[in-house]
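Asks: Numbering (my numbering), first residue to last: 24 to 141.
Don't read these hints as lab results, they were simulated from the structure.
Possibly wrong hints are sitting among the right ones.
Okay, the calculated beta carbon distance ranges per label pair [stated by the list, open to error]: (1) Gln-75 x Glu-106: 35 to 43 Å; (2) Ala-95 x Pro-58: 33 to 41 Å; (3) Gln-75 x Asn-29: 19 to 27 Å; (4) Ser-56 x Thr-112: 39 to 47 Å; (5) Arg-121 x Asn-54: 22 to 30 Å; (6) Ser-50 x Pro-78: 18 to 26 Å; (7) Val-59 x Arg-121: 22 to 30 Å.
Note that the structure is a prediction, hence the values are computed from the model and not measured.
Even for Gly, the Cβ is constructed at its ideal location relative to N, Cα and C.
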Amino acid sequence: MGEKINELVASWCSGTASAYSCDLRSSSVRNVSGPVPAALVRDLEALAHLRQRDPACMIGDLLAAAISDAMAALPDNIRAQMEQDRLATARAEEEEQREVLSWHVGGPRRWWSPAGSW
24 MGEKINELVA
34 SWCSGTASAY
44 SCDLRSSSVR
54 NVSGPVPAAL
64 VRDLEALAHL
74 RQRDPACMIG
84 DLLAAAISDA
94 MAALPDNIRA
104 QMEQDRLATA
114 RAEEEEQREV
124 LSWHVGGPRR
134 WWSPAGSW
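Could you put the whole structure together from the sequences, leaning on the hints where they help?
Replies: In structure tokens form, the structure reads like this:
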């Protein structure tokens, strides 16, 4: 296991993860879904019940730790390519947001003119 997963599992075993915050609605959080073997989901649900935690929050913690460990294990050239892709995606999202903000119900925004008309 990776460093982050080891830390997470240790916190679950020691009970130090009982005081937690699980934000399911923040704009900085994205919900993802994917196939997981039913037996593993039942194991996680049992652990969540034992630790008195929300299974969805535990899954999020576990996935975040696994992704972090996976990224740390990637070669530098792959991480550099990923960073370029991440930046390109962020720029495209910013441009899309700018376009959305420049339109309103009546069509494209018209700026104020000296005659006072729109």
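Asks: Is 35 to 43 Å a correct range for the gap between the Cβ atoms of Gln-75 and Glu-106?
Replies: At roughly 39 Å between Cβ atoms, Glu-106 and Gln-75 fall inside 35 to 43 Å, so the hint holds.
Asks: Quick check on a hinted range of 18 to 26 Å for Ser-50 and Pro-78, using CB atoms only.
Replies: holds, 23 Å
Asks: Taking 39 to 47 Å as the stated bounds, is the beta-carbon spacing between Ser-56 and Thr-112 within them?
Replies: violated, 20 Å
Asks: Between Arg-121 and Asn-54, is the Cβ distance one that fits in 22 to 30 Å?
Replies: The hinted range 22 to 30 Å holds for Arg-121 and Asn-54, with Cβ atoms some 26 Å apart.
Asks: Take the C-beta atom of Ala-95 and the C-beta atom of Pro-58, compute their distance, and say whether it sits inside 33 to 41 Å.
Replies: violated, 25 Å
Asks: Is 22 to 30 Å respected by the C-beta to C-beta distance linking Val-59 and Arg-121?
Replies: violated, 38 Å
Asks: May I ask you to test the hint 19 to 27 Å on the CB atoms belonging to Gln-75 and Asn-29?
Replies: holds, 22 Å
The structure is inconsistent with the numbered hints 2, 4 and 7, although it conforms to all the rest.
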